[in-house]
Amino acid sequence: MTYLFFGNDEERINIYLKSFIDKFFSGKEKNIISFNARNSLLNDAISECYQIDLACNKKIVVIDDAYYLQKESKFSKSKVSKITKNNDYNKALNYIKEDCDENVILIFIVKSNEIDLNNVIVNAITKENKKFLSPIKDNDWPLYIKTYFDKKNLKIEPEAISELISCCQGNLRTFLNESSKLCLYCKNIITIDDIKQIVIRPQEDDIYVLTKYLIADNKMKALSTFRDLRLTQNIEPIVLITMMTNSLIFIDAVNYLNKNGYNSNEIATKLNVKPGKIYYALQDIKKLKTENIPKILEKLYQLDKDIKHNEIDRFYNFELFILNF
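Per our numbering, numbering through the sequence shown is continuous, rising by one, with the last residue being 908.
Derived from the structure by calculation, the hints contain no laboratory data.
Capping the alpha-carbon separation at 16 angstroms, the derived lysine to aspartate or glutamate pairs in EDC-like fashion look like this:
| # | residue 1 | residue 2 |
| --- | --- | --- |
| 1 | K842 | D867 |
| 2 | K720 | E593 |
| 3 | K729 | E740 |
| 4 | K694 | D647 |
| 5 | K870 | D835 |
| 6 | K641 | D682 |
| 7 | K779 | E742 |
| 8 | K641 | E685 |
| 9 | K872 | D835 |
| 10 | K694 | D592 |
| 11 | K857 | E593 |
| 12 | K738 | D776 |
Here are the computed distance ranges between Cβ atoms for each label pair:
| # | residue 1 | residue 2 | range |
| --- | --- | --- | --- |
| 13 | T709 | Y839 | 44 to 50 angstroms |
| 14 | I876 | S763 | 38 to 44 angstroms |
| 15 | Q634 | K606 | 21 to 27 angstroms |
| 16 | S763 | D896 | 41 to 47 angstroms |
| 17 | K734 | M803 | 40 to 46 angstroms |
| 18 | Q634 | Y768 | 44 to 50 angstroms |
| 19 | K674 | T709 | 16 to 22 angstroms |
| 20 | K882 | F603 | 49 to 55 angstroms |
| 21 | K842 | K734 | 41 to 47 angstroms |
| 22 | S763 | L906 | 39 to 45 angstroms |
| 23 | L906 | I615 | 56 to 62 angstroms |
| 24 | S745 | K842 | 29 to 35 angstroms |
Just so you know, even glycine gets a beta-carbon here, dropped at the ideal spot from N, CA and C.
Sequences are here, hints too, so could you generate the full structure?
What follows is the structure in structure tokens.
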């Protein structure tokens with residue numbers, strides 16, 4: 584039995600692989616042999632598949648980062664190493680075609696969204712044994728979360744779903760860690776209060792909320808958020824100034840690329856962020872007079888300088904900055 588798991592979300596691949604392994608061994612002793620395609624011969628992995636293990640009757644052989652199975656663009660050609668030149672693809676092909684031992688599983692991992700459909704090994708693996716593990720898109724998270732808790736026999740309120748999405752920020756590992764705590768402490772239904780009490784909210788997210796209020800010209804909400812941060816997390820204005828500066832520079836970069844005809848996915852690629860972050864930045868741009876960004880950055884720079892030279896009261900003057908934003 585041969586499988587191919589592929590996608591550029593390495594975290595999701597790892598989680599799916601672990602789940603697959605756990606299901607295959609179903610509580611029995613795990614016998615897993617791993618090879619990395621960049622420093623191990625394909626021949627060695629195939630030879631391992633043929634080896635009979637007297638201690639365990641089940642075995643999984645994993646070939647990680649099987650880059651020779653991915654589709655290459657003209658911009659990203661893989662270097663042909665000595666290892667790649669010595670790979671015996673016919674041996675692998677014969678094993679895949681002839682293999683009928685359900686107790687031995689061979690898994691290729693490809694860290695790319697696209698596989699080479701002309702590759703003989705890719706074609707030899709049956710369609711049902713190819714699994715594309717794409718990142719969870721922003722608009723798919725609500726259904727993903729609801730389905731996850733449905734399987735745990737737990738209901739979750741819509742407001743709680745939104746809060747959980749905000750806390751996890753699109754990170755699957757964070758979601759799984761936090762949801763496991765929710766499953767332990769909640770009965771029947773998960774409320775927004777449960778999320779606020781149990782799930783750890785990243786400090787950066789609270790600071791982002793402050794910036795959002797300023798952009799939306801809701802100065803009193805921004806002031807209240809700052810005072811909450813100061814009281815509950817002992818946040819220093821210097822930290823806020825740095826993060827707000829970075830946020831405004833990011834928004835300015837998105838605005839520049841957007842005005843020059845780049846779409847959301849192209850901007851996300853250029854800035855190396857998720858498309859969802861670009862979506863929210865574009866929403867902020869609609870509310871903010873982007874021509875004022877240089878002036879705001881100058882104010883933040885001066886505020887930062889004055890605070891570091893102990894020339895002003897840092898908390899009082901940061902509140903003034905908020906009120907004069």
